[in-house]
Structures are given as C-alpha cells and as structure tokens.
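Novice: Going down the list, the protein sequences come from chains A and B.
Per the numbering used here, numbering through the first sequence is continuous, rising by one, with the last residue being 178.
Per the numbering used here, numbering through the second sequence is continuous, rising by one, with the last residue being 178.
Among these hints, one or two may not hold up.
Copies of the same chain look alike in the list, so a pair counts if it fits in one copy or across any two.
[What the hints assert, rightly or not] Derived lysine to any residue pairs resembling SDA-like cross-links, with alpha carbons at most 20 Å apart:
| # | residue 1 | residue 2 |
| --- | --- | --- |
| 1 | Lys14 | Ala124 |
| 2 | Lys34 | Leu54 |
| 3 | Lys161 | Asn119 |
| 4 | Lys161 | Gln15 |
| 5 | Lys145 | Thr100 |
| 6 | Lys43 | Glu140 |
| 7 | Lys43 | Thr58 |
| 8 | Lys14 | Ala66 |
Derived by calculation from the structure, the hints in this document are not laboratory data.
Next come the chains, spelled out residue by residue.
There are 2 protein chains.
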Amino acid sequence: MKQQAFQDCYPEELSHCYGCGKNNNDGHQLKSFWQHIDNNDLLTSTTIARYTPADIFTAIPGFVYGGMSASLIDCHGTGSASAMAYLTQGREMGSLPALRFVTGALNVNFLAPTPQGVELELIGRFSEVKERKIIVDITLSANDVICSKGQVIAVLMPASMSPDKV
Amino acid sequence: MKQQAFQDCYPEELSHCYGCGKNNNDGHQLKSFWQHIDNNDLLTSTTIARYTPADIFTAIPGFVYGGMSASLIDCHGTGSASAMAYLTQGREMGSLPALRFVTGALNVNFLAPTPQGVELELIGRFSEVKERKIIVDITLSANDVICSKGQVIAVLMPASMSPDKV
C-alpha cells in the first residue's frame, strides 16, 4: 500500500504551512515518508523526502538559496518528529489529538553549494525522542553529495498556536 | 543622503538571490542598512532590515513559517557581513573586487511565534570579524517582541561559486 506523506496526515486546520502544507497552494508542499522502520529499535528508523526547487529559488545563479535548504530541513524535521511521536505511541499517523510539532531551533551547516535543477534528497535520523521534544538530524543531498546538514529541535505545538477548532 | 541597501551594492551577476537579490523579481528583496556605525569601534556597529512577509508564508494560520524567518536572518547576515568587510577595509560598499559573503552555517532559535501581517525588524550585531569569516548575531522582532534569534557564520564567497564574468 502506498504510504501517505506525514504532512498529508496533519489536521486540515494545521495544513497551511508554506513549506509543507497540503492546503497552501503557493507553497512547496514538501512530503516526507518513512524510509525504513526498525521495529526492534524504533529510534533507528529513518525518514526521506525529495524535492526539486523551482529555478526562482536562486542563491548565486546555478545554486539553490540557503533559505530553501533551511525550509526543507525545517519541514522534514517537524514532519519526521510528528511521525516518530505517533510511532513510539503506537498510534495511527494523523489520529486525534494531533501530534503536531513545531521548530524550537534549526541549525544548518552548508557544506557544498546546492545545484539547481536537481532533485534534492533529505534523510532524517533521530538523536533524541521524548514525548514533547524530538531532535531530528537531517542530510540534504544532490546527486548523492551531501550539500548541507541540519538539526531540527522539534517541540510539541503549544496550545497557544492552535487554531480554535483543533 | 539616503543610504543604499547593502544588497543593492552587490554586483549585478550576484544579485539574483531569492531572499535579497534586486534582480530576482519573484523573491523577497530584503534590504539591509547600517543602523549605527561606531567609528571608534567598528565592530560594535549594528545593522537593520525591515520586512513584512506576505500572507502566503504561513506556518500555523496567523503565524509566519520558520523558513521565512530563517531566510530573512540568512540574507541579513550575509549582507551585514559584506558591509562590515567593506567598512573594516575602508572600501566603498560595492567596489570591486566584490566582497560577497555566503552562509557557512545558520542557526535559528525560535523563541515566540512570529505574527503575520506585522512588519518584522532584524537587527544585526557582530561577534567575530575576520577577513574571510564574519559571524553576525541577529534578532528578529515583531511589535518589539523578539520572536527568534539567529546566528549566521558568513564566509567570503569561494571562487567556485562565482559566475564567470565577476
């Protein structure tokens, strides 16, 4: 069965993110999936997302601008955190109450220029998993070369950010 | 005399950045300026930029998405680094050879949700200034509340990223 993207399991009211929300028609609509689930050690499971930025997202001509890499890492991180939270709690992805994570901190190291016109691949790994805080380490690669490494410290969305109906 | 934005002093061939390039009509065109120059201690000078994100750049409805904050911090950081490099070398901003900086590392701590529909203010301070590496610490505020703090480790653009004619 085809796996549903993590972000497509977010509640409708929480699916407007410019980076990954299915209800944001202007945004990137990044979609993250499990690459591998290790049932013997859930925390060694890995996540994957692929995305080809449009040509307007230039840094220096020929290269993707850093804000795009940061955005993709950010949304892959919070999506992966949500999926891991459901996995460790043995709950179906998307079931209510929603386990929606937001970014507490985002760190990106740019290791090599990211070429334009190439599908980028993001792989997520988990270095810390707590009920309300999950740390995701992410590589962003182009043509099998790691262009940047990021870390997302994701925290369970505070009630203060929640739209009324959720 | 009205101060010219740092980014508007970049060479034409290096002005296509989605975040701040004047030649990228689809981008944010962030513009950074000196807020204060301390001629007795150049490194205590500060920079400023203001920007109101369009409504499409949502995280959760009502709040700006983290990738936007990261992008603004990134471009204000590299712009500030360029301006500081010219300042410490006693050169006119934009004079050739260009002192164009790119991001080596970008760290953002999200302290409070960033409200939409509000002009954001970025203030840059310098914690390290070397010829080829400049560290810029940046606050991003809305309504005088700091929503995020970022650090940009900016490095002089490597020749490998340079378009042929520059």
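Novice: Next step is simple, just say for each hint if it's right about the structure.
Specialist: Tested hints:
For the identical chains of this complex, Lys14 and Ala124 are neighbours neither inside a copy (33 Å) nor across copies (37 Å), given an alpha-carbon limit of 20 Å. When the C-alpha separation of Lys34 and Leu54 is checked against a cutoff of 20 Å, the pair qualifies neither within a copy, at 27 Å, nor between copies, at 47 Å. In this assembly of identical chains, the alpha carbons of Lys161 and Asn119 lie at most 20 Å apart whether taken from the same copy (8 Å) or from different copies (12 Å). Taking identical chains as interchangeable, the C-alpha atoms of Lys161 and Gln15 are never at most 20 Å apart, the minima being 26 Å within one chain and 36 Å between chains.
Taking identical chains as interchangeable, the C-alpha atoms of Lys145 and Thr100 lie at most 20 Å apart only when both belong to the same chain, with a minimum of 13 Å there against 42 Å between chains. With identical chains, the CA atoms of Lys43 and Glu140 are never at most 20 Å apart, being 22 Å at best within one copy and 38 Å at best between copies. Proximity of Lys43 and Thr58 under a CA criterion of 20 Å is satisfied intra-copy only: 14 Å inside one chain copy versus 39 Å between copies. In the homo-oligomer, the alpha carbons of Lys14 and Ala66 never lie at most 20 Å apart, since the shortest distance is 26 Å inside one protomer and 35 Å across protomers.
Against the hints set out earlier in the document, violations occur for numbers 1, 2, 4, 6 and 8.
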